[in-house]
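Trainee: Next come the chains, spelled out residue by residue.
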Amino acid sequence: MTHRTAQTPNRLIDVPSLARVEGDGALHIALDGDRITDLRLEIYEPPRFFEAFLVGRHVEEVPDIVPRICGICPVAYQMSAILGLERLFEIDPPAGTPELRRLLYLAEWIESHMLHVHLLAAPDLLGYESAIELARHERAIVERGLSLKRLGNDLMALIGGREIHPVTPRVGGFSRTPLVRELRAFEPRLEQAADDILGVADWAASLPRPSFSRPVELVSLRDGREYPVMHGDVVSSEGRRFAMDHFEDHVEEEQVPHSNALHAHLVGGGTYFLGPLSRVNLNAELLGPLAREALGRVRLQLPTLDPFASMAARVVETAQAIGEALALLRTYERGDPAPAHVEPRPGRATWITEAPRGMLYHRYGVAADGTILAARIVPPTSQNLARIEEDLRRFLPDHLDEEDAELSRLCEMVVRNYDPCISCATHFLTLDLQRSP
Amino acid sequence: MAAPRVRVLACGNPEAGDDAAGLLAARAARSELPGVEVIELGPALRVLDLLEGVDAVVVVDAVRSGDVPGTIIAFDVGSDGFPARYRSALSSHGFGLPETIGLAGSLGPLPRIAFVGVEVGTLVAGPPGPEVERALPEMARRVVQTVHRLAEG
Numbered sequence: 001m002t003h004r005t006a007q008t009p010n011r012l013i014d015v016p017s018l019a020r021v022e023g024d025g026a027l028h029i030a031l032d033g034d035r036i037t038d039l040r041l042e043i044y045e046p047p048r049f050f051e052a053f054l055v056g057r058h059v060e061e062v063p064d065i066v067p068r069i070c071g072i073c074p075v076a077y078q079m080s081a082i083l084g085l086e087r088l089f090e091i092d093p094p095a096g097t098p099e100l101r102r103l104l105y106l107a108e109w110i111e112s113h114m115l116h117v118h119l120l121a122a123p124d125l126l127g128y129e130s131a132i133e134l135a136r137h138e139r140a141i142v143e144r145g146l147s148l149k150r151l152g153n154d155l156m157a158l159i160g161g162r163e164i165h166p167v168t169p170r171v172g173g174f175s176r177t178p179l180v181r182e183l184r185a186f187e188p189r190l191e192q193a194a195d196d197i198l199g200v201a202d203w204a205a206s207l208p209r210p211s212f213s214r215p216v217e218l219v220s221l222r223d224g225r226e227y228p229v230m231h232g233d234v235v236s237s238e239g240r241r242f243a244m245d246h247f248e249d250h251v252e253e254e255q256v257p258h259s260n261a262l263h264a265h266l267v268g269g270g271t272y273f274l275g276p277l278s279r280v281n282l283n284a285e286l287l288g289p290l291a292r293e294a295l296g297r298v299r300l301q302l303p304t305l306d307p308f309a310s311m312a313a314r315v316v317e318t319a320q321a322i323g324e325a326l327a328l329l330r331t332y333e334r335g336d337p338a339p340a341h342v343e344p345r346p347g348r349a350t351w352i353t354e355a356p357r358g359m360l361y362h363r364y365g366v367a368a369d370g371t372i373l374a375a376r377i378v379p380p381t382s383q384n385l386a387r388i389e390e391d392l393r394r395f396l397p398d399h400l401d402e403e404d405a406e407l408s409r410l411c412e413m414v415v416r417n418y419d420p421c422i423s424c425a426t427h428f429l430t431l432d433l434q435r436s437p
Numbered sequence: 001m002a003a004p005r006v007r008v009l010a011c012g013n014p015e016a017g018d019d020a021a022g023l024l025a026a027r028a029a030r031s032e033l034p035g036v037e038v039i040e041l042g043p044a045l046r047v048l049d050l051l052e053g054v055d056a057v058v059v060v061d062a063v064r065s066g067d068v069p070g071t072i073i074a075f076d077v078g079s080d081g082f083p084a085r086y087r088s089a090l091s092s093h094g095f096g097l098p099e100t101i102g103l104a105g106s107l108g109p110l111p112r113i114a115f116v117g118v119e120v121g122t123l124v125a126g127p128p129g130p131e132v133e134r135a136l137p138e139m140a141r142r143v144v145q146t147v148h149r150l151a152e153g
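Here the protein sequences line up with chains A and B, keeping their order.
Read in this note's numbering, the first sequence has 191 at position 191, and its numbers run on one by one without any break.
Read in this note's numbering, the second sequence has 136 at position 136, and its numbers run on one by one without any break.
Misleading hints may appear alongside valid ones.
Distance ranges between label pairs, derived from CB positions [stated by the list, open to error]:
#1 A:Pro210 / B:Ala28: 46 to 56 angstroms
#2 A:Glu90 / B:Pro34: 43 to 53 angstroms
#3 A:Arg40 / B:Pro34: 45 to 55 angstroms
#4 B:Asp76 / A:Arg35: 45 to 55 angstroms
#5 B:Glu37 / A:Pro188: 21 to 31 angstroms
#6 A:Ala52 / B:Pro34: 35 to 45 angstroms
Which bits of chain A does chain B cover? Going by a derived footprint, with three or more residues having C-beta under 8 angstroms, they are [stated by the list, open to error]:
#7 71 to 80
#8 124 to 132
#9 138 to 144
Read the hints as simulated data drawn from the structure, not as lab findings.
The beta-carbon is built from N, C-alpha and C at its ideal position, and this holds for glycine as well.
Isolated chain B (complex conformation) (with noise of 0.2 angstroms):
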């Protein structure tokens, strides 16, 4: 049996503030992922159109549910979606990433989906804040762990 395809997803905007940490970790994340797909993308309902032809998904965004500036969060997308606490992602664009990934799983049969973030802090134009700088090396590193995870099946 062939091994599970696995494609990284990275949600953000490059020129928000910490909102690009989901694009520099995968970014970041790549070189260490041969043959992996890495997909830049800005809106997370583009995510939808994403989960196709793969086994396994992993979404890296950037997160703001409160807690402290930096924090790494990484969770598995169960059947109920995302977990309660992160319902409401961070998204400028009304459809976030918890919405759109529950209504592809009410369109269709969902991949595995595994997400890492990182809590955000600030958001204006500019490049992201000390505390996220400081936790993309530990994003990245959990992206490639994440990926060698589901790819083992």
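Bound conformation, chain A alone (with noise of 0.2 angstroms):
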């Protein structure tokens, strides 16, 4: 899908459609000799409405809507919207209730990782043209692959009730929990999973990677006390920290003429790297033993900034979470399956949590009644964007003397180290909104 225009200092690579990007998006690069002339990630996935579409409903009806922004990761959409909600209403679920949203929460991560490092990154580094080429050569590591994918979603279905989009997590707690024999069952799979997840560290190891160090600011949660995933402040490599709520004095958002996706940077500072690299490096000491094993299985040396390290961080996290849901399994009791009383406080409520690819913010103006007024929603997609066309930036001029073909591989390559959810990040201007039913 490269495009040489002519012999001429003249290059044009164009990627009219990326391949194994969750969504929709497009990258043009015009060179001129060794200077880029243009650089551009085009996300022309049909815009999402969600944010207009929340306003006017109950605050009840948010959890039934949001999820649907995303079929890769609903339950982070669920758990932002539910945790900044149950905030605002000082609302204090059940016991147990913090436990299993854990539980949904890192299945979502063990299907998000493993669905990224088998079927879209490990092609590219071994060379195939698709995880279906991938497949046929290496059977047996695409086949546990999609186990350990397989069991991220089994979790998800069990605890969220059904298989698309999960329909039991509410403000004030879970309409279903499951019971005690049934999640116990699923025991012999994590212990196997716990055993698979060191072998795809080893695998991981031993592929080829091209390796990238640039500065860049990382940023993601972390509260200190358990690895992060739904609480903490904000924090970065350059020593910000701020407090979930504070999310909108320290990060802006702007448009660009090329994208309907903003682009994101911190105030006072520039762009920002979001996701399991950041999370891994500036939360290491509190990985969990499996996850150290795979660590060092890995060959992961932390504090990094390589983006190419990004894929063996997912491998890194997928141990921390198989590790972590073992453990909240085993001491699982099924405590009081009713959800708290919801009762709406007027208000703005928000909250951060981990998405598979960084932080996911959410806002919500409330009404007394329960209405909700206004709705913002920053995808951790629509933040790395702005990072990733600096990558580009930066990447190219060393690697210009390649081929076309291998330099637009190259290329997505970089783009993919965000795994990013284009379909996700996709904004409209409110103008062009009003236009469109």
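Put the two chains together into one complex; each comes in its own frame, and the hints tell you how they fit.
Mentor: Right under this line is the structure:
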């Protein structure tokens, strides 16, 4: 899908449809000799109108609407919304709810990370056209990866109540909690997964990968007690620290002409990097024993700013999720299955959780009767987008000797390090929004 | 010999306009398919986990192939996967239905697979457009018909 326009110093690298990125995207790069004259990561996924869609709805409908923004990480959307609303309403969910939510969220990490590692990233590193070709040559590897992914999906389906977007998570708790025996039935599979993920780590360490070093500010949640999923302050590798409800004081988003998605930067700083590599770097000492073992096996040396180490970070986080899931499942007791009573209060609800791809921010304005007056959703990919373009600008000059096909493959890999979920990152200006049905 | 076991897998996003077509058609077909498992999925990749344990599968989904919106598209998936013109079926998740079935095929033997779909127009958040809305009863009828055909062996 690469076109060399002419045998002149002018080269045009066009990757019209990025393969193996979650959603539709296009990358345009124009070069004049060694100079980049144009570089745009374009988004043309049909825009999502979810923020407008939420206005006028009742708060109790929010957990059913927001997971539909993304089929890969519905739980992240539910949890950022639910936790923000519960804090505004000062609701204490029943005992056991935080643990069950964490288990559900970690299952989503397992599913999302194993999809990326095996079907999206590995074919790149091994030089296969697609996961289908990889599966033909490395059947056992792909089967192991898919069985890990399926474990995440099956746990999500049990706790979430069905296959498609989870329905049990509510403001106030869960509408149904799994029986102890239903959850314990997963123990043998998780024990197998704990073995398997170390095999995945050994395999991932053996894959050839490019490396790339550049200064970048890493950002994630951190609470200092447990590996960050749903709690903590926002921290960065440059020593920044702020409470999650001050997110909009520290992050600015701007519309750029070539994209439906907004570009984000830190106030008084530049672009920043979210996701597994940032979380692992900023919270390494909070990793459990299985994840530490995986960290050694996958040969991820911390701290690192190399974005090509992201795949290894996903393996480490999958080990963390499996280790924690086993512990959570073994101590699970089925508490009061009824969610806490919801008494709406007017005000502003905000929360951030760590979606598989990084911090996901939600803000809602709520009326006294529980009607949503305003909604703002800032997904991790839209925060990473400007950073991805900056990576490309820095990466390209050292690789201009490559043939166009190879250069375009390398560029796709730079983008894929972020596992961008472009379908979630798309926004429209209010102006455009009003013209559409 | 027992009758072949058939499962219906419906893919789509219920909130993204015509992308809901597969889910809606399968829902409409469900009442006429007693005893048949009808499963609604989000991303097509999950189909991979649900091809096992049955003799035949009917996959119902939205399609973007450049045809007139509302056109019903139905075919049996052969050993070489999807017909070429439908290889890039609609998915906002990188790994679409043709790729998923291709992947399953390279990992092991597949059940018989039939596809019933509809060409999409609008994909913005909200209900399906009128062309797809009008096609839903016919799409559901084709799902029922296809299940019966596959159940006969």
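Trainee: For every hint, state whether the structure bears it out.
Mentor: Evaluation of the provided hints:
1. Hint check: Pro210 of chain A to Ala28 of chain B, Cβ distance near 50 angstroms, so the stated range 46 to 56 angstroms holds.
2. The beta-carbon spacing between Glu90 of chain A and Pro34 of chain B, approximately 48 angstroms, falls within the hinted interval of 43 to 53 angstroms.
3. Between Arg40 of chain A and Pro34 of chain B the C-beta distance comes to about 53 angstroms, which sits within the given range of 45 to 55 angstroms.
4. Between Asp76 of chain B and Arg35 of chain A the Cβ separation comes to about 53 angstroms, which falls inside the hinted range of 45 to 55 angstroms.
5. Remark: the range hint 21 to 31 angstroms for Glu37 of chain B to Pro188 of chain A is upheld by a beta-carbon distance near 25 angstroms.
6. Look at Ala52 of chain A against Pro34 of chain B: about 41 angstroms separates their beta carbons, and that is inside 35 to 45 angstroms.
7. Residue count for the region 71 to 80 of chain A with a Cβ under 8 angstroms from a Cβ of chain B: 3. That meets the three needed, and the coverage hint holds.
8. Chain B is given as covering the region 124 to 132 of chain A, and this holds because 3 residues of the stretch bring a CB closer than 8 angstroms to a CB of that chain, at least three being needed.
9. With a threshold of 8 angstroms between beta carbons, the proposed coverage of the region 138 to 144 of chain A by chain B holds, since 3 of its residues qualify and at least three are required.
In the structure shown, no violation is registered for any of the earlier numbered hints.
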